[in-house]
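Peer 1: Kindly produce the complete structure, drawing on both the sequences and the hints.
Numbered per UniProt numbering, the sequence shown finishes at 776, counting up by one with no gaps.
Calculated directly from the structure, the hints in this document are not laboratory data.
Every residue gets a Cβ at the ideal spot worked out from N, C-alpha and C, and that includes glycine.
Any given hint might turn out to be false.
[To be verified] Taking CB as the label site, the calculated pair distances span:
#1 101 / 612: 47 to 53 Å
#2 255 / 290: 52 to 58 Å
#3 666 / 148: 47 to 53 Å
#4 155 / 101: 36 to 42 Å
#5 378 / 405: 19 to 25 Å
#6 667 / 612: 34 to 40 Å
#7 718 / 613: 25 to 31 Å
#8 636 / 105: 47 to 53 Å
#9 148 / 377: 52 to 58 Å
#10 93 / 69: 34 to 40 Å
#11 660 / 155: 26 to 32 Å
#12 549 / 137: 49 to 55 Å
#13 155 / 535: 14 to 20 Å
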Amino acid sequence: MGFGRKKRGNNKNKNVEASNGAEDSSKKTQKFFDERKPFAIIERDNEDFKNYYKQQNLLSDEEFDQFYNHLKTILPSTFRITGSRAAAMEILDVVEKTYVPNMQDVVIDGVKIEPPKPLPWYPDNLGWQVNAPRLVIKKSPEFQKFHRFMVTETEAGNISRQEAVSMVPPLLMDIKPHQWVLDMCAAPGSKTAQIIEAVHSNDKLNEMPTGLVVANDADYKRSHMLVHQSKRLQSPCFMATNHDGAHFPNIHVPREDGAPNPVGWQFDRVLCDVPCSGDGTIRKNEKIWNSWSPVAGLTLHSTQVQIFARGCQLVKLGGRIVYSTCSFNPIENEAVVAEVLRQTKGAIRLVDVSASLPELKRKPGLSTWKVTTKEGEFIESVEDIKDMRQRKKHAASTFPPTAEEAKEMNLDRCLRIYPHQQDTGGFFVAVFEKIKPLTAADRITLAREKGNKVPEADVEEAEKEMEIIQEEIIPTKRASVDDDAAAAEEDAASAKKLKTDATTTTATDTADKEEEEVKPYESKPKRDVPGIKEAPFEMMAADSADLKEITEFYGLDPNFPRDQFLLRSDGNAKGRSLYFVSRSIKRVLESKDFSRLQTVNTGVRLFVRQSSPVENGSPFRLTSEGMPILDAVMSDKRRIIVDMNVLKILLVEAFPTLEEFPEQLREKVRAMESGCCIARVDVSQKDIANEQDKVKFTAPLVLPVWKGKNSLNVLLNKKDKRALCQRIFGIIPESTPDHLLQRSTENQELKKEQDAAAAAAASNTATPDAMTEETQ
Numbered sequence: 001m002g003f004g005r006k007k008r009g010n011n012k013n014k015n016v017e018a019s020n021g022a023e024d025s026s027k028k029t030q031k032f033f034d035e036r037k038p039f040a041i042i043e044r045d046n047e048d049f050k051n052y053y054k055q056q057n058l059l060s061d062e063e064f065d066q067f068y069n070h071l072k073t074i075l076p077s078t079f080r081i082t083g084s085r086a087a088a089m090e091i092l093d094v095v096e097k098t099y100v101p102n103m104q105d106v107v108i109d110g111v112k113i114e115p116p117k118p119l120p121w122y123p124d125n126l127g128w129q130v131n132a133p134r135l136v137i138k139k140s141p142e143f144q145k146f147h148r149f150m151v152t153e154t155e156a157g158n159i160s161r162q163e164a165v166s167m168v169p170p171l172l173m174d175i176k177p178h179q180w181v182l183d184m185c186a187a188p189g190s191k192t193a194q195i196i197e198a199v200h201s202n203d204k205l206n207e208m209p210t211g212l213v214v215a216n217d218a219d220y221k222r223s224h225m226l227v228h229q230s231k232r233l234q235s236p237c238f239m240a241t242n243h244d245g246a247h248f249p250n251i252h253v254p255r256e257d258g259a260p261n262p263v264g265w266q267f268d269r270v271l272c273d274v275p276c277s278g279d280g281t282i283r284k285n286e287k288i289w290n291s292w293s294p295v296a297g298l299t300l301h302s303t304q305v306q307i308f309a310r311g312c313q314l315v316k317l318g319g320r321i322v323y324s325t326c327s328f329n330p331i332e333n334e335a336v337v338a339e340v341l342r343q344t345k346g347a348i349r350l351v352d353v354s355a356s357l358p359e360l361k362r363k364p365g366l367s368t369w370k371v372t373t374k375e376g377e378f379i380e381s382v383e384d385i386k387d388m389r390q391r392k393k394h395a396a397s398t399f400p401p402t403a404e405e406a407k408e409m410n411l412d413r414c415l416r417i418y419p420h421q422q423d424t425g426g427f428f429v430a431v432f433e434k435i436k437p438l439t440a441a442d443r444i445t446l447a448r449e450k451g452n453k454v455p456e457a458d459v460e461e462a463e464k465e466m467e468i469i470q471e472e473i474i475p476t477k478r479a480s481v482d483d484d485a486a487a488a489e490e491d492a493a494s495a496k497k498l499k500t501d502a503t504t505t506t507a508t509d510t511a512d513k514e515e516e517e518v519k520p521y522e523s524k525p526k527r528d529v530p531g532i533k534e535a536p537f538e539m540m541a542a543d544s545a546d547l548k549e550i551t552e553f554y555g556l557d558p559n560f561p562r563d564q565f566l567l568r569s570d571g572n573a574k575g576r577s578l579y580f581v582s583r584s585i586k587r588v589l590e591s592k593d594f595s596r597l598q599t600v601n602t603g604v605r606l607f608v609r610q611s612s613p614v615e616n617g618s619p620f621r622l623t624s625e626g627m628p629i630l631d632a633v634m635s636d637k638r639r640i641i642v643d644m645n646v647l648k649i650l651l652v653e654a655f656p657t658l659e660e661f662p663e664q665l666r667e668k669v670r671a672m673e674s675g676c677c678i679a680r681v682d683v684s685q686k687d688i689a690n691e692q693d694k695v696k697f698t699a700p701l702v703l704p705v706w707k708g709k710n711s712l713n714v715l716l717n718k719k720d721k722r723a724l725c726q727r728i729f730g731i732i733p734e735s736t737p738d739h740l741l742q743r744s745t746e747n748q749e750l751k752k753e754q755d756a757a758a759a760a761a762a763s764n765t766a767t768p769d770a771m772t773e774e775t776q
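Peer 2: Now the structure itself:
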């Protein structure tokens, strides 16, 4: 099937041929916004940048001036409401009905300030833009309240401050809950969070997705940021890994039906948001004005090709792969796309997504562009470079394709997002579908889908691919057939010299990174990062004595799987925390090749072993992150129903005693053994004496609480407790360490007066370890 017979992407969507710029509803507000001078020491002008992009013919002369002038303005703040769909809709309800109405008529110094508004193209109003400058926050009580809400919810992980254009790639991946998804260069993890949410988009059905999300990053420290970013979502379908994306390992995964001959690990969706020069972020990263040169794009081009090409191998036949950068540079964008299309020889094709996100204004990709040397001199071919050493280093793939090639490639289907169109940053996105086999794994999958016998040659080739992936590099230079062997040898040698700024940095920190050698992954834990020690992952036996004890004490549903519990074993702490993983993640963990995978984290922590014994109670307590899973599988044996008045006591007070709760609740709680239980909030009662009872819960509010002999305490870390208390009751909870210690001591004295000394000594209900939620 030749690309030449396909229609080129038409521009039915009027937004593809966008207008010359989106104006704010109030010109006075825009003037007020532009007159701020927080970056006065930075001259927001760079002739090299301007001349380079003018030569690329990105825009007409008139529109280029609009584009360039817009780069000098300050980028508005944008955020995304995160979490499961039910939780996100709850936060959205608070934003739309509590805060935005109060900011409609704010006037500062005679200028009416625009309230926060939803991004017109983001689904379900979950993406927002705030144009208010800092001065407004200082002078307006309404904006101050909203700012405090934002800070609190961001700390709790319910809101993610993410640049608007950065939200686009995951939306174009078209993710379904049953799909396996790989984010190849994931840190810091904002896009990963979007992917996890998409996989869990069926959570209203109370079903665990059969899909999974693997978030990978080449930098060990940054890969731990992925764990922090995804922690609020608490997905048992999530795994964070640490590999050079260009060498992401091959492993065999057991087949879902239990049949022999495990399958090569491939994904339904792959995101290649590759390291780039980041000049599309120039509105917020103002240092780029001083540091920009064409060198960054030229240096990163080969690495970008390698990562993208590896992603094409890892995506399943019929799957979708998205390539993106936050750069304007065609050397990092269309040139990379063209080279990988050339190398894959028709196995992938650009998808026309002009009908997707119709409110998003964008421009089509370029079919031709101009190339410079590292010194900024424009050249027509590699032969124009006089320095022979530089000529050898310059990849021929940076040059535009021929007119015939460009016609077959449909490069106009790429998306270019410019800042002046909708007051955003700059971004490049290209969406692809894999339509032909590219690897032996593809051919094996295709044969099995058709019910055909898998050729032995394909099995052998797949085994070879497993062995050579550490050295395998898809060539980044166009070579003749006679030069293939030499080019492959040269590329394999150069792979060991990849620089950190080409593999581990993002647009926000490329300018400050020093160059370091990145060594190939060696299938063993990193030892060069102090303070972090990885513990191995071990699946827990289904008939474990600990699981039997937990099942009996908490009344777990007999149908809840016992063979999906995971331990992180690191010597003395073995078995302290029990994690739960989905069946899909379990398949990966049980792979005979799992040792190839440098796994940083996976699983949701459900139970934690107490550091001190609990009299007549379970040695394991519940965790807040495990509530969505445990609420559905725990019996009423250790469950209490609380109203809004009781919830207020639990959230506002540090260590409330049982005497502060209603008599009926006291009687039920006292009949329980000491230890954890679940508190479900009954929001039907409206007898609480404040206006905050108007807060609506779109999902059941379920919290872990610790039942002591004379106390009942919610087990939340201080950030989550603060966010929940402020959102519902408008109150900051008691939280000072001195006060907590004082209340803890008072409770201990009360217990000593009411109970025998021996019983009081055996109970640790008033110690900080038992009363506060431990964080990872």
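Peer 1: Evaluate each hint against the coordinates.
Peer 2: Structure-based check of all given hints:
Distance hint for residue 101 and residue 612: a CB-CB separation of about 50 Å, consistent with the stated range 47 to 53 Å. As the Cβ distance of residue 255 to residue 290 is approximately 55 Å, the hint placing it in 52 to 58 Å holds. At roughly 35 Å, the beta-carbon separation of residue 666 and residue 148 lies outside the given 47 to 53 Å, and the hint is violated. At about 24 Å, the CB distance of residue 155 to residue 101 disagrees with the hint of 36 to 42 Å.
Checked against the given bound of 19 to 25 Å, the beta carbons of residue 378 and residue 405, roughly 21 Å apart, stay inside it. Between residue 667 and residue 612 the C-beta distance comes to about 27 Å, which lies outside the given range of 34 to 40 Å. The beta-carbon spacing between residue 718 and residue 613, approximately 26 Å, falls within the hinted interval of 25 to 31 Å. The given range of 47 to 53 Å is respected by residue 636 and residue 105, whose C-beta atoms sit roughly 49 Å from each other.
The beta-carbon spacing between residue 148 and residue 377, approximately 53 Å, falls within the hinted interval of 52 to 58 Å. Restraint check, residue 93 to residue 69: a C-beta distance of roughly 39 Å satisfies the suggested window 34 to 40 Å. Residue 660 and residue 155 have their C-beta atoms about 27 Å apart, which keeps the hinted 26 to 32 Å range intact. Residue 549 and residue 137 have their C-beta atoms about 52 Å apart, which keeps the hinted 49 to 55 Å range intact.
Restraint check, residue 155 to residue 535: a C-beta distance of roughly 28 Å breaks the suggested window 14 to 20 Å.
Of the numbered hints stated above, those contradicted by the structure are hints 3, 4, 6, 13, listed in ascending order.
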